[in-house]
Every structure is written in structure tokens, then in C-alpha cells.
Amino acid sequence: MAQTNSVGQGSNGVADESPNMIVYRKMEDVIARMQDEKNGIPIRTVKSFLSKIPSVFSGSDIVQWMIKNLNIDDQVEALHLGTLMAAHGYFFPISDHVLTLKDDGTFYRFQTPYFWPSNCWEPENTDYAVYLCKRTMQNKARLELADYEAESLARLQRAFARKWEFIFMQAEAQAKVDKKRDKIERKILDSQERAFWDVHRPVPGCVNTTEVDIKKSSRMKNPHKTRKSVYGPQNDVRTHSPTHTPAPEAKPATEEELQDQITYWGGQLDRHRLKMSKVAESLLAYTEQYVEYDPFITPTDPSNPWISDDTTVWELEASKEPGQQRVKRWAFGINEVLKDQVGREQFLKFLESEFSSENLRFWLAVQEVKKRPIREVPTRVQEIWQEFLASGAPSAINVDSKSYDKTTQNVKDPGRYAFEDAQDHIFKLMKSDSYSRFIRSSAYQELLQAKKKKSKNLF
Amino acid sequence: MGEMEELRKEADNLKDQITEARKVVQDTTLQEAVAGTTLVGRVQLKTRKTLRGHLAKIYAMHWGTDTKLCVSASQDGKLIVWDTLTTNKVNAIPLKSSWVMTCAYAPSGNMVACGGLDNMCSIYNLKGKDGNVKVMRELAAHTGYLSCCRFLSDSEIITSSGDCTCILWDIETGTEKTIFAGHLGDCMSLAVSPDFKMFISGACDFTAKLWDIREATCRQTFSGHESDINAIGFFPNGNAVITGSDDATCKLYDLRADQELITYQDSGIMCGVTSLAPSLSGRLLLAGYDDFNVNIWDMLKAERVGVLAGHDNRVSCIGVSSDGMACCTGSWDSFLKIWN
Chain A
1 MAQTNSVGQG SNGVADESPN MIVYRKMEDV IARMQDEKNG IPIRTVKSFL
51 SKIPSVFSGS DIVQWMIKNL NIDDQVEALH LGTLMAAHGY FFPISDHVLT
101 LKDDGTFYRF QTPYFWPSNC WEPENTDYAV YLCKRTMQNK ARLELADYEA
151 ESLARLQRAF ARKWEFIFMQ AEAQAKVDKK RDKIERKILD SQERAFWDVH
201 RPVPGCVNTT EVDIKKSSRM KNPHKTRKSV YGPQNDVRTH SPTHTPAPEA
251 KPATEEELQD QITYWGGQLD RHRLKMSKVA ESLLAYTEQY VEYDPFITPT
301 DPSNPWISDD TTVWELEASK EPGQQRVKRW AFGINEVLKD QVGREQFLKF
351 LESEFSSENL RFWLAVQEVK KRPIREVPTR VQEIWQEFLA SGAPSAINVD
401 SKSYDKTTQN VKDPGRYAFE DAQDHIFKLM KSDSYSRFIR SSAYQELLQA
451 KKKKSKNLF
Chain B
1 MGEMEELRKE ADNLKDQITE ARKVVQDTTL QEAVAGTTLV GRVQLKTRKT
51 LRGHLAKIYA MHWGTDTKLC VSASQDGKLI VWDTLTTNKV NAIPLKSSWV
101 MTCAYAPSGN MVACGGLDNM CSIYNLKGKD GNVKVMRELA AHTGYLSCCR
151 FLSDSEIITS SGDCTCILWD IETGTEKTIF AGHLGDCMSL AVSPDFKMFI
201 SGACDFTAKL WDIREATCRQ TFSGHESDIN AIGFFPNGNA VITGSDDATC
251 KLYDLRADQE LITYQDSGIM CGVTSLAPSL SGRLLLAGYD DFNVNIWDML
301 KAERVGVLAG HDNRVSCIGV SSDGMACCTG SWDSFLKIWN
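Sequences listed follow chains A and B, in order. Residue numbering for the first sequence follows this note's numbering, beginning at 1 and increasing consecutively. Residue numbering for the second sequence follows this note's numbering, beginning at 1 and increasing consecutively.
Quick caveat, the hints were computed from the structure, so don't treat them as lab data. Hints may contain errors.
As the list claims (entries may be wrong) - Here are a few chain B residues that sit away from chain A, every Cβ distance over 12 Å (derived from the structure):
| hint | residue |
| --- | --- |
| 1 | T29 |
| 2 | A92 |
| 3 | K96 |
| 4 | D130 |
| 5 | G131 |
| 6 | N132 |
| 7 | A140 |
| 8 | A141 |
| 9 | I171 |
| 10 | E172 |
| 11 | R283 |
To be verified - Straight-line C-alpha distance at most 27 Å; calculated DSSO-like pairs for lysine-lysine:
| hint | chain 1 | residue 1 | chain 2 | residue 2 |
| --- | --- | --- | --- | --- |
| 12 | A | K328 | A | K349 |
| 13 | A | K371 | B | K23 |
| 14 | A | K278 | B | K134 |
| 15 | B | K127 | A | K275 |
| 16 | B | K46 | B | K15 |
| 17 | B | K129 | A | K370 |
| 18 | A | K275 | B | K177 |
| 19 | A | K371 | B | K127 |
| 20 | B | K301 | A | K68 |
| 21 | A | K102 | A | K176 |
| 22 | A | K278 | B | K301 |
| 23 | B | K15 | A | K339 |
| 24 | B | K89 | A | K402 |
| 25 | A | K406 | B | K23 |
| 26 | A | K216 | A | K183 |
| 27 | A | K216 | A | K187 |
| 28 | B | K134 | B | K177 |
| 29 | A | K370 | B | K197 |
| 30 | B | K23 | A | K412 |
| 31 | B | K57 | A | K339 |
| 32 | B | K15 | A | K278 |
| 33 | A | K406 | B | K301 |
| 34 | B | K57 | B | K46 |
| 35 | B | K127 | A | K320 |
| 36 | A | K163 | A | K183 |
| 37 | A | K278 | B | K127 |
| 38 | A | K428 | A | K370 |
| 39 | A | K275 | B | K57 |
| 40 | B | K177 | A | K412 |
We put the beta carbon where it would ideally sit given N, CA and C, even for glycine.
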């Protein structure tokens, strides 16, 4: 059906916004609920020594709220989601550059919407330089640069040596404006600004959550939507900015595309559809049949080599002596026999004993030619034709006349799929005839019962 | 404009009819049908090995058929073939372009392939005469990035691309045999059916398509996702398709019922699915997410039965070995982990 356009997808496959936007919107929905006056997280001002810590809540508050209000069962899940939201910068620990959620009394604050990642920030290094420079101008212990920040500043000073005067001036101007702000407001804004840089210039070793998969970023066509300058004159931290940008309209389909769609869907309309009950039954039956062979559900015997460091199970698999469990699997369907090398050998051996191995040998030969390099294909096709299908063929197989005629034509201009129709026919024959006989044979039953072979050299 | 309106109406009408036709066979839902089945017990897999060696984000990995070897591709510009049991690097292949997005191991074990922003699929011969691994072929025809590639044999490979098409190549001649066009968005991922006759592709037009390799036609199209499909795979019996999307859900579509069976989602999961792999029996679905975790789902009951948390950045790729014994995850944190 036509693609839904909830995420700004043009019909020509070009994205109009950051691929992370879907996640940002979901997080912002949760943030909105967290900030709800009635049912959100209680935000308070905490008195400490000589000052106040404004607008905070604890890590435990967040965890408790999440368990109560979101479909989250336990603390581990809450911490995982909470850390993810912190790493994206939606709330942050006020005393740490590392953005994780801890289930304790650590204080957190909400980020201001201006700095939300959904605004497509891609701040330049010049801005980072202005920021770090500004920090050094403020004589507050809490604003001292961390080691990695000091290193970054040194690096930036070298890189921007020529325009450092300009950067310094901007930093000065910023610092002046900041000084004029209300003390409490400054505390909050400083922490929010720092958290913004913690997202875009993370502590070494921390994940940069703004990174985008190169497969997605190469599709983005609107680089002008990204905001690169944090400290330009027109940007004031306090102004609100739109966060939930409405998804752009998709491009309407062309006439040719519509015609193609009509032809395609017209053809699909009358296809046979199996009932859901049958489908469900078949899925259930399959999983039940194979569950004992699934090492993630049923412990393997002998042990899983990764757990016990014992590779016996693989040695047995490689040996020619198939274990009981492996032989049992051959009875699940003809494909199981055909895909197991030992199964194929046993099947072939059985058929040879009945002098009816030509069908299987033909099938195997055709499988093999499909993998050959194209230059070897014509010769092989001729050989297979001579052996199995030509008049007087030594291993003549019985194919319906329609497939025979088609194959005769194909062989004149031989490609990899020359025998496809004949092979399909032979496969159906084998499935209903030779395979069933094999499973019922005493040879198979013996293998299944794991009757031990009598050793010739007993003493 | 009137004609366009007519065409649009006709197309929408057909789609409505198909929705109705699909409803006709909905005599039950998968959830109802398995209501009597017990949920699979909690699955707890542990990291048994960590494969260290890449120096940048890992974008792709693929198991070889022999159950111990796998190949991984990283933005550090290397393809590494690992012996996952000993953690030794069997081969470390330097690439011309470091912007690699996918890699594949040939079923024979003789070759590996990779590709990415260079728009090409490069084939490497692992069993060269002098022991050196060299580029054997460079398959160039796509006009967009190479998102995924899978070998049919040593002679043929299928690729999917950001140019919205998939191509079947003859490796020896290095030419395109068949171009599969039809998607309206970048193709992100592909998977080959167990009988090698068909393959499925997932794309940024939010749909998955089933293609007949020989006939070169699109057999079926599945929709329902609300964002890019990043990952796709076959259910082990080849009768159903599993998709993973940026909309944070995975879906199971059945080929014979021609529709979605069930969606794997949880309101606590916000980040997109990057990769997926079913367990051997198909009862479990392991899916890698952008939130650094792998979630394990009971595929029939659509409930989470386990989490693999161990990576420090996005899980970009996942694979279950052919005997089902081990799961391998690759991440942007530059490590691969083996779990079971």
C-alpha cells in the first residue's frame, strides 16, 4: 500500500530530516509527560550550604516515575531508557559531564527545548572554542575546565590561531551578557549549555549520540535545516524554538508510476491466499519440530563448544557416522536429507541398491551446474543431457512431455537454468516416491535405531 | 489532472480490494492461534567471546557456513575473517574504500565480498594460490551505495543498493545478469531463500519485496512499517519473512497468506531495529537495536524473552551460525561478541 508519511519520506527515497528524528519525537513525548505539572516528576529547589540548587530532581525520582508511568517492569529497563534519554541530552546530571542515569540521589535537570537534538544542531568548532574560552573567563570553581576540555581548548587555540582574537571577543561578549542575568537563571542556563556540549563534544570514551548512520545521512537533502551556529547574534538561548516540526508532504506519484502500480496490484489481486489458521498451524508445527535442535532453547548434547570449550559436537557432525538425532531430522522432509552431506550419501546408497538412483543423481548434477562458472556451463549442460535425457541415455529419467520439450529447447542455448523445469518435476517425484521409500527402508530404520556396526577386528 | 485523479483512484481501489481479499483468509490471528502455547522460558545468553581488532565502527558481519568462521566489515577500512572459537584473525583485508557498509561470506568459504559508498561490490578470493587475499572482481553498475550483498554460489552474487535496485551478478564476467527494480526508496537489506530460488529486499519505501531470481519478477510486496526497513530475513522454513525497521518494530509476514502475521514491539523500545536473525527453530527472533541492545522475542507469542546488553554503542549487525549454536553481534563500539 502507499507508504505512510509520518516521518517525512519523499517518494523518491530522499529524507527531509535527520534519521534520528523518529526517536527524538518519542523521547520528547515522554519528556512532555515527565514535565507535566500534575503527573510529572516533582521539580524542586534544594538548599545546600550557602546557596540554592534550583530546578532539580533526583535519579531515583526519574526511575520511580518511569516504572509507574511507562510500560516498564524493572529498574534495569528504566535505567537503560533513562540513560539513553540522558545521552541524547534531554535531561542531565548537574555535576557530571558523563550523561547516564543513576538510581540514587544524584541531581538532574531538564534541558531547555532550544538545545534539544531535534533542532538538528551541528555546532561548529568555532562555537566550541567560544564556549570553552568563555568558561575560562568566569571565576567560579564549578565552571573550571575538566582535563579533556582543557586539552580541547589548547587544540582549538592552535587550530584557530589566526582568528583567535575574534573568538576571544565573542567569548567576552557572551560572558558580559551572562553576568547581567539573574543568579539563579544563570546557574540553570550554564548547566544546560554545558549539557548541550556534553552531547555534541562528549567526554572521550562516551558515545556521541548525534552520530548518524552513513547509509541514512547520504540521503539527507536539507543541510540548510541543520543549525550550525550556537552563538550567532540571532540566537538567544531563551527563545523557544519549534520542536515537533510537522512531517513534510510526500511527492505525488508520476503517471508512469501509477500505471506500474495498477498493473502490479491488478496481478496480485487474484493470487491464492492460504488461511491464517493453516499458516499459524504450520509455523507452530515447524517450531515444535525443530525446538529440540535449537541450541538457544534446548541444551545441546554433547555440549555447546562455546560454553564448554569442547568441540566434540562438531567432530561428530563432520564424521561419517551420523548420530540418532541427526538421522531423525532426515525424516522431517526431503530437504533435510538433501542438505545434509551424509544424508545425501545414505539416500544415494539406498537408491543405488534399488537401481533407481538416476533421479537423485540428475537432481544433484543440476544443483552443481548452477554453481559453475558460466564458461563451464554449456559443456556440463550437454553432459547432463547426454547422461539423463537424450534418447538412449544411460541413466534415463522420466520427465513429463511439457518439461521435456522445454528442456530440449533450453539445451540448444544452454544457461544455468536449462534444466529448471525438469528438475522441479524430478524433485516432486523424488519427494513423493523415492524419499518416502527411503524413510521406510530398513537401511534408514537401522541408522535411526543407531544399531552398532559389528567391528571386524574385534581382537 | 483528471486523468491522474482517475489513475490514483484506480490504484487505491485495487489496494483496497487486496486488503479485503487478505481479510477473507483471516479466520484467526497468529496470536489467537498460539494462545494455548506456553511462552518460551527466559532466554539468557552470555558473551562467550569478544572479538577485538577493529579500530572503528563495525557496520556488518556474516557467518560462513562452517559455523566457526565469520567476516566483519568496519569503517576502519578493513574486512576481518575471524575464527570465532579461538578469536584469531584468519585474514585482515585492507579495503580501498573505508566507507564499507556490508560484507558477505560465500557458502563455499572461498570468497568474501564487501561494498559501501564506493557503489561497488568487491569480491575477494580467500584461497588464492600464494596465500595472499586479493581483489578478484569489482562489480560496478549501481548508481548508489551498496547496502547489502549475498552470494548464491562462487559464481553469482546479489546486491542491494541506495539506487533503489537489486542486481544479480555473474562474478566471473563481472557483469549484471538481472536488475530487480521496483522499490521506491533505497534498498537497505536483502536475504536469500533457503532453496536459493528467491530473495527478499527491504527498503526505505517502507516495503519488503519478494523476488523470483530466475523469472526476474517481483512476486509479492509487503507493507505496514511506518519507516525505513533496515533488516530482513527469512523464517527458517522459507515460508515467512521477518523485517526490522526504524519505527522500532519487527514484523512477520507470511508468503502464502500474503500478509502480516504479527508485530514485535514494546512501548519501552524507542530506537530503530538495525539487524535481525532467527534462531535455528524459528521460535526465537534476535534483533539488534540503535539503543545498544539486542532484544530476543518469542516469535509466535510476540513477547520479549531476553535481552543481550553488552555493547557500548549501536548494535549494527547480528547473525546466528548455521547450526544455531552461536549468535554474533557487531557494534559501533568496534567489537564483535559471540553469545550463547
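Checked hints:
T29/B, annotated as away from the interface, has a beta carbon of chain A within 12 Å; the closest lies near 7 Å. The non-interface label for A92/B is consistent with chain A: the shortest C-beta to C-beta separation is roughly 22 Å, beyond 12 Å. A cut-off of 12 Å between C-beta atoms confirms that K96/B is not in contact with chain A; the least separation is 16 Å. Here D130/B stays apart from chain A, with its beta-carbon at least about 21 Å from theirs, past the 12 Å limit.
Distance check for G131/B against chain A: the nearest CB is about 22 Å away, which clears 12 Å, and the non-interface claim stands. Distance to chain A confirms N132/B as a non-interface residue, since its nearest Cβ pair spans about 21 Å, more than 12 Å. Here A140/B stays apart from chain A, with its beta-carbon at least about 18 Å from theirs, past the 12 Å limit. With a minimum CB-CB distance of about 17 Å to chain A, A141/B clears the 12 Å threshold, and the non-interface call stands.
Not every CB of chain A lies more than 12 Å from the CB of I171/B, the least distance being 8 Å, so the non-interface label is violated. At roughly 5 Å from the closest C-beta of chain A, the C-beta of E172/B falls inside 12 Å, breaking its exclusion from the interface. Distance check on R283/B: its Cβ comes as close as 4 Å (rounded) to a Cβ of chain A, failing to clear the 12 Å threshold; non-interface status is violated. The straight-line distance between the Cα atoms of K328/A and K349/A is roughly 18 Å, inside the 27 Å bound, and the hint therefore holds.
The hinted pair formed by K371/A and K23/B fails the criterion: a straight-line CA distance of about 41 Å is larger than 27 Å. For the hint pairing K278/A with K134/B, the CA-to-CA distance comes to about 50 Å; that exceeds 27 Å, so the pair is violated. Among the hinted pairs, K127/B with K275/A is inconsistent with the structure: their alpha-carbon atoms are about 48 Å apart, more than 27 Å. For the hint pairing K46/B with K15/B, the CA-to-CA distance comes to about 46 Å; that exceeds 27 Å, so the pair is violated.
Distance restraint check for K129/B and K370/A: the Cα-Cα separation of roughly 25 Å lies within the 27 Å cut-off, and the hinted pair is therefore satisfied. As the CA atoms of K275/A and K177/B are separated by approximately 36 Å, the hinted pair breaks the 27 Å bound. Restraint check for K371/A and K127/B: the C-alpha separation of about 17 Å stays at or below 27 Å, so the hint holds. Restraint check: the Cα-Cα separation between K301/B and K68/A comes to about 25 Å, which is no more than 27 Å; the hinted pair holds.
At roughly 35 Å between alpha-carbon atoms, K102/A and K176/A are farther apart than 27 Å, so this suggested pair is violated. Using a Cα cut-off of 27 Å, the hinted pair K278/A and K301/B holds, with the two alpha carbons roughly 17 Å apart. Under the criterion of a C-alpha separation no larger than 27 Å, the hint pairing K15/B with K339/A is inconsistent with the structure, at around 39 Å. Our distance criterion of 27 Å between C-alpha atoms is broken by K89/B and K402/A, whose separation comes to about 53 Å.
Between K406/A and K23/B the alpha-carbon distance is near 39 Å, which puts this suggested pair outside the 27 Å criterion. Restraint check: the Cα-Cα separation between K216/A and K183/A comes to about 43 Å, which exceeds 27 Å; the hinted pair is violated. In summary, the hint linking K216/A to K187/A is not supported, as the alpha carbons are separated by about 38 Å, beyond the 27 Å threshold. Among the hinted pairs, K134/B with K177/B is consistent with the structure: their alpha-carbon atoms are about 24 Å apart, no more than 27 Å.
Between K370/A and K197/B, the direct Cα distance comes to roughly 11 Å. Compliance with the 27 Å bound is thereby established for this hinted pair. With a CA separation close to 47 Å, the supplied pair K23/B and K412/A exceeds the 27 Å bound. With a C-alpha separation of about 36 Å, the suggested pairing of K57/B with K339/A is violated against the 27 Å cut-off. The suggested pairing of K15/B with K278/A holds, with an alpha-carbon distance near 24 Å, which does not exceed 27 Å.
Distance hint between K406/A and K301/B is unfulfilled; the C-alpha atoms sit about 46 Å from each other, more than 27 Å. The suggested pairing of K57/B with K46/B holds, with an alpha-carbon distance near 22 Å, which does not exceed 27 Å. Of the pairs offered as hints, the one joining K127/B and K320/A holds, with about 26 Å between alpha carbons and a cut-off of 27 Å not exceeded. At most 27 Å may separate the alpha-carbon atoms for a hinted pair to count; K163/A and K183/A exceed this at roughly 32 Å.
Among the hinted pairs, K278/A with K127/B is inconsistent with the structure: their alpha-carbon atoms are about 47 Å apart, more than 27 Å. The straight-line distance between the Cα atoms of K428/A and K370/A is roughly 19 Å, inside the 27 Å bound, and the hint therefore holds. Of the pairs offered as hints, the one joining K275/A and K57/B is violated, with about 44 Å between alpha carbons and a cut-off of 27 Å exceeded. A distance of roughly 20 Å separates the Cα atoms of K177/B and K412/A; the hinted pair therefore holds under the 27 Å criterion.
The structure is inconsistent with the numbered hints 1, 9, 10, 11, 13, 14, 15, 16, 18, 21, 23, 24, 25, 26, 27, 30, 31, 33, 36, 37 and 39, although it conforms to all the rest.
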